[in-house]
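S.K.: Residues per chain, in single letters:
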Amino acid sequence: MLLLQVIVGGLLLGAIYALFSSGLTLIWGMMNFINFAHGEFVMLGMYVSLLVVMWLGGGPAAFGFAAAFSLFVLGVFVYLSLIRYVLRGPMLSQILSTFGLALLLRYTAFWIFSANFVSLPQTSLSGTLNVGGVLMPVPQLVAGVIAILLTIGLHLMLTRTKVGSQLLAVSEDRGAAMLMGIRPDRMQALAWGLSAGAAGIAGALMAIAYPWSPSVGETFGLTAFVVVALGGFGSVPGALLAGLIIGLIQALSAFWFGPIYKDIIVYALFVALLWLRPQGLMGKA
Amino acid sequence: MWRFRVLKAAAAAATLFAFSAAEPVMAADVVKIGILWPLTGNAAAAGQASKAAAEVAVDIINNAHPELGDDLPLAKTAGLPNMGGAKLELVFVDHQGNPSLAQQLATRLITQDKVDVLMGAYQSSCSFTATAVAERYGIPFMVGESAALNITGRGFKWVFRGTPIASDYARTYMRFFGDMKKQGKKVDSIAIVNENTDYGTSVADAIVEEAKKANIPVAIRIPYIASSTDVSAQVLQLKEKQPDVVIFISYTADSILYMKTMKNLDYAPPMVIGDDTGFSDPSFIPAVADVAQGVMNRSAWAIGKPGSTTYKINEMYKAKTGRDLDDTSARNMQSFFALADAINRAGSTDPEKMRDALTKTDLKPEQLMMGYEGVKFDNTGQNILAATYLIQLHDKKYELIWPDKAAEAKLQWPMAGWKK
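Protein chains in written order, with numbering that gives the first Met the number 0: chain A, 0 to 284; chain B, 0 to 419.
Keep in mind that the hints were calculated from the coordinates and are not lab data. The beta carbon of each residue, even a glycine, is placed where N, CA and C say it ideally should be. Treat the hints with care, since some could be wrong.
[Unchecked claim] Pairwise CB distance ranges, derived in the manner of DEER restraints:
| # | chain 1 | residue 1 | chain 2 | residue 2 | range |
| --- | --- | --- | --- | --- | --- |
| 1 | A | 94 | B | 43 | 27 to 37 Å |
| 2 | B | 407 | A | 115 | 21 to 31 Å |
| 3 | B | 43 | A | 95 | 20 to 30 Å |
| 4 | A | 260 | B | 395 | 32 to 42 Å |
| 5 | A | 133 | B | 211 | 32 to 42 Å |
| 6 | A | 60 | B | 395 | 25 to 35 Å |
| 7 | B | 226 | A | 267 | 13 to 23 Å |
[Unchecked claim] Chain A side only, calculated, beta carbon under 7 Å to chain B, not exhaustive:
| # | residue |
| --- | --- |
| 8 | 5 |
| 9 | 115 |
| 10 | 134 |
| 11 | 259 |
Generate coordinates for the entire structure from the input sequences, incorporating the hints supplied.
M.R.: Quick look at the structure:
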C-alpha cells in the first residue's frame, strides 16, 4: 500500500514536470532554440498567481488564466523584442541571450518580491482524497490531471489544427512556408506565446502545492531540460512520457534508497538511455 | 585633536590617581570594536538585524540605563566604569558572506582602523577565516553566533565564542526527552531528518551521538537535499517507522514542504522538533500555522513578561527596527555584552589583559539576557554554559514551554498538527 502511495506521488509530480517541459520542447521543435529562461517564466507564473490571489481574491481558475495570459503576452514580447534579433546572430549569442534574460528576470523578481519564501493561502483546492487507502492531495491531483490534459491538448493543436500545421511548416522550412503565405515571425511569436503560457499555467499549478522564492526557476529548470532531452527534443508526447518516468523514478529511488540518491539514479539512467538512444524516447533520429 | 584628548585624559587621570602611578588605561576614552557581518548579499537580513542589536547594546552600555535593573552588567552606568566611563565605538564592515573577504577585512580592521577587539562573523565559514587573522595579530575575537564546531578547538588563544553550538542543542533535546519520560510521555525512538550540507549534517551527527549516550534509539536518519521539490518519499519512510519524535534540521522551503506533505499524506507523529533555521524563518508560520500546530523549535531568546529586563531590551530594539528581536541577533547581542564585560574587567585595551579577563569571565544566568546557564569559556574559548530554551507553535506564534522554570505556556503533547 505504501508502495502504491509512492508510485501515485511520483506520477503526480511527473505530470507537473511534463507540463513544465512541454513549452520548452515546443520552442526547441519550432526553432532549434534553447530557452534558458523557461524556468523563470514558470517562476513568474507563480508570482502572478500570488498577486491575483492577494489583490483580487481570485480562485484557482482565475489565477490559472491570469498566469497563462500574462505569460503568453510576455512570451510574444520576448520574441519580438529579443529573440527575433538574436536569431540572426551566431549560435553562442542565441544561447547566452536567454541565459541573460533568465538572470534579468530572476534578479528583478528578487528586487520586487524579495528573497523570502512565499506560498499561496489555502484555496478552495485543498484537502486529500482517499482512494482505497491511497491518499491523493487534491492540489497535486488537480495539477497533475490539468497538466496531462494541457500537454495532450498542445499536442493535438500542433498535429490536428491549421495553426498547428502552420507552426510546424515554419519549423520545417521557413522559406517554403513563406511561399505558402505563412508569416514566420507571426508564427514564431505565437510559439513563444504558447510556450510561455504553458509555463505560466505550470507555475500557477505548482504555486498551489509548493512554497517558492525567486530562485525556484533554477531548481525546476534543470529537470525540464532533462525531461526534454529524455523525451526527444521537440516531441510533446515525449515530454509527457519522460516527465512521468522521471517523477516515478525519483519517487521510487527516494523511497527505496533515500532522497540523496534519487538524482544520482535518475541521471545515471538518463545518461545510459541517451547512450542507447541519443534522440530520446520519442525524438526523430 | 586626538593627541590633545589623550593628554587631557592623562592629565585628569594623573590628578585623580596621583599616587597610583598613572595607569595608561585611563587614556583610553574610546574602545574600538571591529565587527564583521554580512550586511549585503544572501544573509544581509540577518547581518542587518544583528547590526541593529549591537547598536542597541552599545546604547545600553554607553548611556546610563538604570531602568534595566542591577543585574545586566554595564547597563546602569554610562560607559565602562573601570575605565573612567570609556565609551564603546563600533566599526562595521561588510564581508558579504565571503570568507576571503572576511579575512582581508579582519586584517584591515586591525592594521588600519586599529580596533581593539573584533567580533563576527555570522557565517561559520567567515568566522573561520577572520578568527585566524585575530589569532595571528594577537587581538581578542568574539564569535557571536556561528555554530560550526571547528571554529574553536584549533588551539587558538584569542578566540572566544558565546553562543551554544550543535552539541549544546543536541544535549538540550536529550534533557528535554528525559524530562518528558519522567512525566510519563513515550520517547522510545526518534527520527532525524537533515538537509545534507555542513549545517544539517553536523547538527544531526551531534544528535545521533547524544541520543546514543541518552540511550534513545534513532529509528531512522534521513539526509536529503534542501532544494528537493518533493518530500513525500521521506514522509512515507517516517510513516513506516512510526518514531515518537521527528527532529528536522531543515531550511525554509523544505521545512514548509515537509509540514504540508505530512498533512497531505495523513502522517501525524506525536511530536515534531524543528532545529531553528527554516522553522524560524518569517515565512514559516504564515505558510503552515494551520497544519503545524504544536511544532517545537529552539530559541535561547524569550521576550519575557512586560517589565522584565528582556522585555525592555526588546522594546528598545523594536523602537529602532520595528521588529521583535530574533534569536540570532539576540545571541550576537549576548556575546557582545560578555565581551564588553570582559573589557571593563580588564580595565585596559591592552590585548593580553583583555584576553586574560575573557578567560576569567563568569556571568551568572541572572546577568544574561539569554536562556543560557551562564557564560564561562573553556580553554578552547567555547562558552560551556550555553544552552537553549524550547518553544512551541501555539496558534500563530511560538511560546516558550521548556524548561519549566522559564515556561510561559503549557506544553502540548502530542502535537495537534492540523487537527484542532
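S.K.: Does each hint fit the structure? Answer for all of them.
M.R.: Quick rundown of the hints versus the structure:
1. A:94 <-> B:43: 27 to 37 Å: Taking Cβ atoms as reference, residue 94 (chain A) and residue 43 (chain B) lie about 32 Å apart, which means the hint holds.
2. B:407 <-> A:115: 21 to 31 Å: holds, 27 Å
3. B:43 <-> A:95: 20 to 30 Å: Holds - the Cβ-Cβ distance for residue 43 (chain B) and residue 95 (chain A), about 29 Å, lies within 20 to 30 Å.
4. A:260 <-> B:395: 32 to 42 Å: holds, 38 Å
5. A:133 <-> B:211: 32 to 42 Å: With Cβ atoms ~37 Å apart, the hint holds.
6. A:60 <-> B:395: 25 to 35 Å: Roughly 29 Å apart at Cβ, these two residues keep to the hinted range, so it holds.
7. B:226 <-> A:267: 13 to 23 Å: holds, 19 Å
8. 5: holds, 6 Å
9. 115: holds, 5 Å
10. 134: Residue 134 (chain A) check passes; min Cβ-Cβ to chain B is 5 Å, inside 7 Å.
11. 259: holds, 5 Å
In summary, this structure violates none of the numbered hints.
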